[in-house]
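**Q** This is what each chain is made of:
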Amino acid sequence: MSVPVIPVPEAPDSRAPGDVRRGGWLIRIAIIAIVLVWMIPTAGVLITSFRPEGLVDTSGWWTALAHPFRAAEWTLENYRRAIDAQGFGNSFMNSLAVAIPATIMPIAIAAFAAYAFAWMDFRGRYVMFVLVVGLMVVPLQMALIPILRLFTQGVTLFGLRIFPDLDLNQSFLGIWLAHTGFGIPLATYLLYNYIASLPSSIIESAKMDGADHFTIFWRLIVPLSIPALAAFTIFQFMWVWNDLLVAYVFLGGAGQNRVLTVALRELVGARGENWHLLTAAAFISMALPLVVFFSLQKYFVRGLTAGAVKG
Amino acid sequence: MRTDEPQLKGPPTAADVGGDETAAAGISPLRVVLIVVATIIGVVVLLLAFDFLRQRNANRIAVVGVAILLGVVGVFFLFWAMNRLTDLLPARFREGVRPYVFVGPALVLLGVFLIYPVFNTILISFKDGISRDFVGIDNYEFVFTDQDMLRALRNTAGWLVLVPLVAVSIGLAFATMADRLVRGEAVAKSLIFLPMAISFAGASITWQLIYSYRPQGFGSNIGLLNGIMLGLGQDPVKWLEIQPWNNLMLMVIMVWMQTGFAMVVLSAAIKAIPDEIIEAARIDGASEMQVFGRIIVPTILPTIVVVTTYMVINAMKVFDIVFVQPASAEVNGTVVVAERMIRWFFLLDHNGRGAAIAVILFVAVVPVMIFNVRRFREQEAIR
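Protein chains in written order, with our numbering: chain A, 214 to 524; chain B, 31 to 413.
Source of the hints: derived by calculation from the structure; they are not laboratory data.
What the simulated footprint calls covered on chain B by chain A, stretch by stretch (three residues with Cβ under 8 angstroms from a Cβ of chain A suffice, anywhere in the stretch; the number is not a length):
| id | segment |
| --- | --- |
| 1 | 91 to 98 |
| 2 | 126 to 138 |
| 3 | 144 to 158 |
| 4 | 216 to 226 |
| 5 | 250 to 261 |
| 6 | 340 to 350 |
| 7 | 367 to 379 |
Pulled a few chain A residues facing chain B out of the computed Cβ check, cut under 7 angstroms:
| id | residue |
| --- | --- |
| 8 | T255 |
| 9 | F335 |
| 10 | V351 |
| 11 | Q354 |
| 12 | G394 |
Not close to chain B: a few residues of chain A, all C-beta gaps over 10 angstroms, as computed:
| id | residue |
| --- | --- |
| 13 | E290 |
| 14 | I296 |
| 15 | M421 |
| 16 | E479 |
Quick caveat: nothing in here was measured; it's all calculated off a predicted structure.
All C-beta atoms, glycine included, are put in the ideal place defined by N, C-alpha and C.
The shape of chain B in the complex, shown without the other chains (with noise of 0.2 angstroms):
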């Protein structure tokens, strides 16, 4: 890069050595000028941006325009920034401080937003309805003793089991087939993978165009399920009332939305297996399932063990499914844990008792968070 490089390597005169004094030495000072003023030059920028952002009266257009480029190239920035700031520091500090430039950020960032949550959920579940003065373990007896809780939790232990069983199961048995199509496998996974992009709230209501019920005389049944009860000449069913088989109906929505991305994650793993081994199996006269149980599992289970964790833990998130259901998630016994803690907070105003709940959710986590740091010192060692 530095063109003076190719003659340092040259016999040493006395023009060299001087230019080799000024090299260990650091960097020029006018370099160290430069770095510096453009650092400032960029703040001011950045400070400058925000400032516009924050006129209410701007063309949209244009604010919306600055927010992309600080957005995208402010972040760009700050690293170059940080990286030139940290080459000004003493030789022997600067790959020392150099680590934490990269991954500053990202701690700082993560500090505010998920480790400071934390500890102020775990403090203000020791409080009472308004956060003013500690109750010690009453919000936590709540939660253990109060019907509507104690049946979410066992709800949410229904969903964290057959959500994934279910959606790693059809994604698997899916990835696997598609993968002996001949024609129309990008086709068929694009069609499974499509509910990912509708939004959480939208798919639930989206489900009544097939759950939804009106009693006789209430207007015609415009959902799909009490179509065809119709059309066998049923009566129309009040679907996400019977208990306890409302909860699976509403798993159904959450199955349907994620089983696309078990899919394509375990389409992709299977793809990677090298074919001399199955075709090697298969002359050994092994049947399709044995080449799937023996074969295909066992190399792709480190996919499968990803993909499962990260639906345990998305099915112990939610709540948009349950909680944009018109019909009452208490009276059908449909609550989940994240419901509570949702209902409690906002629309019950009772901060302590929802704080209790989140952290039960954070505690019921633990378990899964040691499996998965577990499985990263395996990885570490392998490497």
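The following block holds chain A by itself, in its conformation from the complex (with noise of 0.2 angstroms):
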């Protein structure tokens, strides 16, 4: 069966070459201010990184700069230390069974879901969608304690158990599933925005041809929602990426199952002195998300805002 082809809207490209670019030097120069600003801290951890501990704590990080060629002034050993950690490429492995289908899953069951409320009709289906979407401002913190009393002892009501003992705690199957519970209200509403907006003629007629939702939503929505689906990787792998919080309270600080961020935050230390070891430290964890975020860049501005532009 053939799926007619649609052109998805496209933002359109840069102007035309001979169009007037006002403003010229005034805003070259705001612009190039306001990154200059926003680089400072960046930039003070990117130098810190390569300095020896010794100068770290006895000199401002911006003293470096006055003499960029003197070799005694940069040093390798912070990443070196870093990564020779206790188990760094054991928590880094660990990261990445945490943080993919973390990502995975809650866009898939909220691509799912993002669909239904969209292209189908069922009983119910205003108050979920609104409830779902409602969810998206519960602090996670809150959910914390009650999950991981369930987690550990399940729950008994009234001497009934009414949710059994899974044992999840400190397994790889129950941070995927809170990442994905607390991943699927903001998942649902940005696909949402998308895939409703997406002309109804197609859809109609991919039923014409005698295709089922399942076909419509594997062959015809997911494509066509790539640059949703991208812009949500990003967002996703970012937050799963680097968070500490849930990874502590549900893997634990210690063992073999604890992530990078985990890692790196008892290398540092808790009052988080050792200065030069944290800035290696957080420009090795900062690399993957940005490998991410440049890789699906080019979708990533086009599918946020495809529902919300509409107006």
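Both chains are sitting in their own frames, so use the hints and assemble them into the complex.
**A** Following this line, the structure appears as structure tokens:
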């Protein structure tokens, strides 16, 4: 069965070269000023991460810029120590094992739900949708303790076991489900905006061709929603990868399942005084989210606003 | 898809009529068996994989590989199997059940991970510190009389007004200006977006490279601001201890992190405005400020609302930035509501008070929720 090819509405490309870009110098200066201000903390981290421990503690990081070619001012030791730290490779792998399914699962589940809310008719559709989106505002911290208790003890109501003790604490499945549960409201909100704005004619014509909902979703909606899916992938991945709180609560501070953020926190010390290690660690943990961001960036921009700008 | 479909269009013969009857009866028994068997095999494989993950001494890379496969393939298998099983239902129930198969997993997970905790928190907010006896509204009384709590409420109000306001304004201004750049737009935008990739806890410690203070005789000052003060011949300043301005200095950290998000989303919206509209206004003699105020802002207003809502909710939930500061939040008056909640729950071990603070937070968010729900209803009406 052939599906009609639908041009996805795209934002107009950069303006024609002859177009007057007004503002000129003033705008350029303003942009450079903002970018410079924004880069100061990042530059501080980057420079500190390459300075020897003794110097980090005795002189400001900006002083390194005064003599950038003096070899004694720079070192790779901090990165070596961060990477050599106890179980670094192990926790890096654990972070991957947490972050990849915890990114894919909420997106898949939310995409099915968003499709149903947008293009299927059923009782309770409106109430359920409001419920899902409304839950976006529940503070994550509020949910941690009850869920931890659920994972370790199950739920007993009036002597009746209504939720079994699944022994999910300290397991990957437990943290995937937690991240998935917390991520679904925002994912559904973003994906619904996009999926609902796709032209209804394509879905009607696919139905005429005899496609069922599963086929329409899989063969039509998913390929057309790549921008929105990519956008949420970046968000969710950055969030899960950088998360310390959920990982600490559900996977624990020790043991072989601890993730990168937890391991780096141990390395740095609770007071955060080992700045030379902290800064190197910050750059190491930033690397992968940035790779994801740059590789998906072109989709990111179009996906998020597709529903919102339609107005 | 089915190869026998074209045949049905031919003149009816005895064989065709027979075939027709089988089709009407639904799916052939063989397929039923196949689907059921495939589902059972799939479930068994998933269970075996979970057992493997529990082994303490298994090879790490194998564990991680299995985990990723399980998480990614498992979720798609779940939907496939449920959809196929729905096909086996009698025809009149089939399409009625299918929507619930699509939304079901989302609702179940939300029920366990968000709705259940909300009710649980409300319940224990009426109990004592160890969640044993009911104490009526004692915890709420505490929330509205404790000095630190009252200050936290005021501070949080400041956070959720100022942070979204500043971040969205700078983001909007930057997006509008970057749109006029001939070259370097992508680079400029990426550099503003960069802080999004840093974790909250990491970012606030990063900012000590700016704010750090050491009294004279206790080592040299390695924070940039005090470096500047010393360079100017002034005494170093305890930046994070000057009330009430220290609150603003912590807000700067969040603005620094979140402006990139606002800027990227708003920039996309600006680029979606048709060029003809803006050109027409310019030809009619509109100044650049008029183009911005009368065309760009009204056109992207829905996006501005979405971004601002997201920021308000985030500002309401902020706790890490305050929490990881080495200086005491109580002494310096930088307490915020979410930080109080965590502290009472985890460090001061009074579940009742922590839960009561959480409920306050949730109630404070309700107006935002109502506003959003109303917006969705309007959107539905337009569609």
